[in-house]
Amino acid sequence: MGNLLFIVLGLVLLIAGGNWLLKSAVALSLRLFIPKIVIGMTIVSFATSAPELIVSIKAALDGFPDLSLGNVVGSNIANLGLVLAITVIMGSIDVRKSFYTTDWPVMIVASLLFCGFIYFDGVLEQYEGIILVSLLFIFLVYLLRFQKTAVVDEMPEDDVPLPLYKIVLFLGIGGTALWGGSELLIDGAVGMASSFGVSDRVIGITIVSVGTSIPELAASVVAIIKQEKAISLGNLIGSNIFNLLAVLGITSIITPITVMDEGLLSSDIFWMLGISFLIFPLVFFPKGLRLGWRDGLVLLAFYGTFIYMTIK
1 MGNLLFIVLG
11 LVLLIAGGNW
21 LLKSAVALSL
31 RLFIPKIVIG
41 MTIVSFATSA
51 PELIVSIKAA
61 LDGFPDLSLG
71 NVVGSNIANL
81 GLVLAITVIM
91 GSIDVRKSFY
101 TTDWPVMIVA
111 SLLFCGFIYF
121 DGVLEQYEGI
131 ILVSLLFIFL
141 VYLLRFQKTA
151 VVDEMPEDDV
161 PLPLYKIVLF
171 LGIGGTALWG
181 GSELLIDGAV
191 GMASSFGVSD
201 RVIGITIVSV
211 GTSIPELAAS
221 VVAIIKQEKA
231 ISLGNLIGSN
241 IFNLLAVLGI
251 TSIITPITVM
261 DEGLLSSDIF
271 WMLGISFLIF
281 PLVFFPKGLR
291 LGWRDGLVLL
301 AFYGTFIYMT
311 IK
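Each residue of the sequence shown is one higher than the one before, starting from 1 at the first, in full-length UniProt numbering.
Hints were generated in silico from the structure; no laboratory data involved. Treat each hint with caution, since some may be false.
Stated by the list, open to error - As a list, the in silico SDA-like pairs of lysine to any residue whose alpha-carbon atoms are at most 20 Å apart:
1. Lys58 <-> Lys287
2. Lys287 <-> Met90
3. Lys166 <-> Arg31
Stated by the list, open to error - Just the calculated beta-carbon pair ranges, DEER-fashion:
4. Gln126 <-> Leu164: 34 to 40 Å
5. Tyr119 <-> Ile254: 18 to 24 Å
6. Ile54 <-> Gln126: 18 to 24 Å
7. Phe277 <-> Leu169: 37 to 43 Å
C-beta: ideal position from N, C-alpha, C; glycine also.
Work out the full structure, taking the sequences as your base and the hints as a guide.
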């Protein structure tokens, strides 16, 4: 009963936090004259990736490296296969070519780099973490200096400017609510799963990863409802980049991460690469430069197959 209460309270906090975070993100993009997709890929994605960072560092330090790795790999799969799927089923997203000349390639490079680091020796070393964090810094500098609008803003007239203190307040409250909500959700979910004797890797790759992806889902669903599609899509791609470069990078700098369950190397990382590459053709078919409900169903089917193959 206690675990169920944690899950319900966590969901309430996550939905409220997603709404506050969106308000601050829109106002900040107006105030700084920065494209919304950049705000989505930096501030919003960093805030929604905070649960992954906290969970991964704690899991690695507590001696559960598979929970740490499974959390990030599973979250990246869930962000695209579950969160993006639900988002585009709720409303299609028009994408401009510039989006796929920068953001998607960076996500692919980060994914391949991580897989290359971990695949051959089963360890993510400190120097590899430094390389990942350095790549993140270069990417952020590029975003802030050169990134152009990549998603069509359908309702710019609805954007409401806010005073700076309100932006900071909403950002702080939203980020804190997302973090607290995800903590409650994870505690409840892991408590329920552990009672059934499920392995660390499976808990990390499924329940914890979905739990830590709930902030992305909350922020993206609120964004899509309010027609802030640039923030929605930027948040998801940005979160995947942050998960690989910041979460695993920072965690491995603090303590090297060693793979304990070979299933992560023989299966999970290839599912992550597969869904990352799948986004590219989906954007062009059946309608060019658009993600619609059909694409959402394909992503959802991919994610459902992944979960089935993992827990069977």
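Quick check on a hinted range of 18 to 24 Å for Tyr119 and Ile254, using CB atoms only.
holds, 22 Å
Against the 20 Å threshold, does the CA-CA distance of Lys58 and Lys287 hold or violate the hint?
Violated: Lys58 and Lys287 sit about 43 Å apart, past 20 Å.
Verify the CB-CB distance for Phe277 and Leu169 against the hinted window 37 to 43 Å.
Distance hint for Phe277, Leu169 holds at roughly 40 Å.
Hinted pair Lys287 and Met90, Cα distance within 20 Å
The hint holds at about 17 Å.
Pairwise beta carbon distance, Ile54 to Gln126, judged against the given window 18 to 24 Å:
At 20 Å between Cβs, range holds.
Taking only the CA atoms, is the gap from Lys166 to Arg31 under or equal to 20 Å?
holds, 12 Å
In this structure, is the beta-carbon distance linking Gln126 and Leu164 contained in 34 to 40 Å?
Given a distance of about 38 Å, which is inside 34 to 40 Å, the answer is holds.
Of the hints listed earlier, the one the structure fails to meet is number 1.
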